[in-house]
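Engineer: Quick mapping for you: the protein sequence lines, in order, are chains A and B. At position 248 of the first sequence (counting the first as 1) the number is 248 in the working numbering, and the numbers step up by one without a gap. At position 47 of the second sequence (counting the first as 1) the number is 47 in the working numbering, and the numbers step up by one without a gap.
Honestly, the hints are just simulated from the structure, not real lab data. Hints are not guaranteed to be accurate.
Stated by the list, open to error - Cβ-Cβ distance ranges computed for the label pairs, FRET-style:
no., chain 1, residue 1, chain 2, residue 2, range
1, B, Pro300, A, Ala334, 56 to 64 Å
2, A, Glu317, B, Ser27, 30 to 38 Å
3, A, Ser359, B, Arg160, 33 to 41 Å
4, B, Glu253, A, Ala185, 57 to 65 Å
5, B, Pro40, A, Thr66, 37 to 45 Å
6, A, Gln320, B, Gly361, 21 to 29 Å
7, A, Lys173, B, Lys297, 47 to 55 Å
8, A, Glu317, B, Pro77, 34 to 42 Å
9, A, Glu204, B, Pro300, 32 to 40 Å
10, B, Glu288, A, Ala185, 48 to 56 Å
11, B, Gly129, A, Ser359, 23 to 31 Å
12, A, Ser359, B, Asp135, 27 to 35 Å
13, B, Gln226, A, Gly293, 52 to 60 Å
14, A, Gln358, B, Ala190, 44 to 52 Å
We treat Cβ as the ideally placed atom computed from N, Cα and C, and that holds for glycine.
Protein chains: 2
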Amino acid sequence: MQRRRFLTVGAGVAATGALAAPAVAQSAPQIKWRIASSFPKSLDTLYGGAEVFAKAISEMTDGAFTAQISPAGELAPGLQAADAVARGRADACHTSSAYYLDKDPAFALGAATPFGPNARQTNAWLRSGGAEMLDELYARFDLVGLACGNTGAQMGGWFRKDVNAVGDLQGLKIRVSGLGAQVFAKLGAAPQPLGGGDVYPALEKGEIDAAEWIGPYDDQKLGLYQVAKNYYYPGWQAGGPSVQLLIGKAKWEALPARYKAIATGAAAIANETMLARYDAQNPRALRELVAAGVKLKPYPKDVMEAAYKASQEVYAELYQKSPAFKKIHEAQAAFRNEDVLWFRVAELPFDVFMAQMQSRG
Amino acid sequence: MQRRRFLTVGAGVAATGALAAPAVAQSAPQIKWRIASSFPKSLDTLYGGAEVFAKAISEMTDGAFTAQISPAGELAPGLQAADAVARGRADACHTSSAYYLDKDPAFALGAATPFGPNARQTNAWLRSGGAEMLDELYARFDLVGLACGNTGAQMGGWFRKDVNAVGDLQGLKIRVSGLGAQVFAKLGAAPQPLGGGDVYPALEKGEIDAAEWIGPYDDQKLGLYQVAKNYYYPGWQAGGPSVQLLIGKAKWEALPARYKAIATGAAAIANETMLARYDAQNPRALRELVAAGVKLKPYPKDVMEAAYKASQEVYAELYQKSPAFKKIHEAQAAFRNEDVLWFRVAELPFDVFMAQMQSRG
């Protein structure tokens, strides 16, 4: 095998590197954040986003800047993790900003909106002015946001009965959260806001007819396939949900500039790692679910189109209610439309061809 | 607007945060890396990956750990940037590992292979054992690698004449690099390895018939549309090319653990930022190219299928030549196949539906 060693000194090039370098002393304030997670430990990939972040900031500071993570319910209920920050019980929360529509519906735009950008388009938008727009929103609530995970496109959900046409959604009691619930309501369904632990018993007892959750890896753990065999796709309500670290603004501003940069880098690691883990875990879970008798079904086209149309009506209404929603959604949708145009050319034809080859074996 | 302030002390919860925290002194060695880029400054998004990395490590260390970037040609020709590291002229290079097939064809697997994983699948594989496999390869050449950018799916390239069937590739002189060249050769074409600056004149004079480069944003700068009007997609030769920071192993090992973690975080920022920039820039460039008379055309299906088949033959041959290629490619392809299965279910149906809505306006 070819094996090269470094020459001692490159001719005409000054020697560089660690060995000859002087060291200076830097002040390293000891900072320990409490992070309230919106997720239980059992959702290990979602919860793990905060763990990846905490490990990275500690390693980048030799343990001077650390974070202790509390699972949902410890400092605040999962859906109210941001309130733990507002009350000073936590310095930051690892959460979905879509949980805070009561503060302003624009919070949905940091996480996921029906027929919104996919995971990659979300990241591109955040790094092209989107993050600054969201921080203007968050600042009104004394928060600063960092993208800190993504699940990728979610599944449509578990249905006890077939969905053959839009009419089948009439009166359907479905567990669904966020703006997706508003779209389902427009389609005649009766959305039910249930926490993770309540979904299985409600579906088993027939108190609900359907439930949207996350994707194969997480859904498998809830056991929903045992009480609803029809697993519909795609999750148009959440095509690439971003997970946020929402940090108390005063806590963020108290960080030395160096620690802000480190937190930013740690969030980038967590953002990519969570999506990578889902992409690694979902295929196996999907195979196991299908082997267990789950019927994988695409939403009928008329349901997709009706949901798309209803989502536009929901957006038009939200434009009236929230100037922030209007401003940010218009910018995000414009960016997304441009990206979808581009994806139609290089990205999708490549992916579709690979899918065709894969289906042939 | 609802506006909340932090309470001074959360009841029953200890106050945390920066203000009351003690500071310790940490030793911060002054390290300045020289990074040889494989790219000219004019390819600002590719070149910019190293700039984003350098800015991040400096900000994360208050200027103690910095990097000076040299564009292609300054410390070494672009295609030999890794040799600048081997010779001690640079501490690291920002490059495509696909440039080093002469060391071992397995180097292609760090960057892009025909019909390989897309950008997201590449990142998922790297974080699921792929990076460790590549580092075993790199270690044989005293290198350590960090993913530090991605272009997303590239375009197929610029063709002076139509490509209506595989036969049209017979004898075609096409500028194409990496393993894609070997696939084109199997299809009867005559691949030409030309550097960026030589592509336009060769195409203008008719010395070559076609040229694969990157995507709309970068291709537009080369002006290839002025001398070849047919712009084919998708770039099956590079469905999600990763760009690497290849670091001299001794330089990496000399870093304090804290700086290794910081470099890892900085690379994650650069990795995501480059892809985000391409996703933000390519749509506009594509529109402008089409407005300038470029004819956007999909590769015919028989060309795609023949190229896919030829790529499998190339891989079978490389398995005989390089045990490392066999080992890493088998692992990567298995991971990719699982991901393609999963993408067929949630990701692609979502993206395809969005593309349909977009095409309707």
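Engineer: Are the hints correct? Go through all of them and say.
Structural biologist: Verification of the hints:
1. Checking the proposed 56 to 64 Å range against Pro300(B) and Ala334(A) shows it is violated: the Cβ atoms sit about 34 Å from each other.
2. Evaluation of the 30 to 38 Å hint for Glu317(A) and Ser27(B) yields a failure: the beta carbon distance comes to about 58 Å.
3. Range check, Ser359(A) to Arg160(B): about 35 Å between beta-carbon atoms, so the 33 to 41 Å window is met.
4. Distance hint for Glu253(B) and Ala185(A): a CB-CB separation of about 59 Å, consistent with the stated range 57 to 65 Å.
5. The hint said 37 to 45 Å for the Cβ distance between Pro40(B) and Thr66(A), and at roughly 42 Å that hint holds.
6. For the pair Gln320(A) and Gly361(B), the supplied restraint of 21 to 29 Å holds, since their beta-carbon distance comes to about 24 Å.
7. Checked against the hint of 47 to 55 Å, the C-beta distance between Lys173(A) and Lys297(B) comes to roughly 49 Å, which is consistent with it.
8. For Glu317(A) paired with Pro77(B), a C-beta distance near 59 Å fails the hint of 34 to 42 Å.
9. Checked against the hint of 32 to 40 Å, the pair Glu204(A) and Pro300(B) fails, with Cβ atoms roughly 52 Å apart.
10. For the pair Glu288(B) and Ala185(A), the supplied restraint of 48 to 56 Å is violated, since their beta-carbon distance comes to about 42 Å.
11. Evaluation of the 23 to 31 Å hint for Gly129(B) and Ser359(A) yields a pass: the beta carbon distance comes to about 26 Å.
12. Separated by about 33 Å at the C-beta atoms, Ser359(A) and Asp135(B) satisfy the suggested range of 27 to 35 Å.
13. Between Gln226(B) and Gly293(A) the beta carbon distance is about 59 Å. The supplied range of 52 to 60 Å therefore holds.
14. A hinted range of 44 to 52 Å for the beta carbons of Gln358(A) and Ala190(B) is inconsistent with their spacing of about 31 Å.
In terms of the numbered hints stated before, the structure departs from hints 1, 2, 8, 9, 10, 14, listed from lowest to highest.
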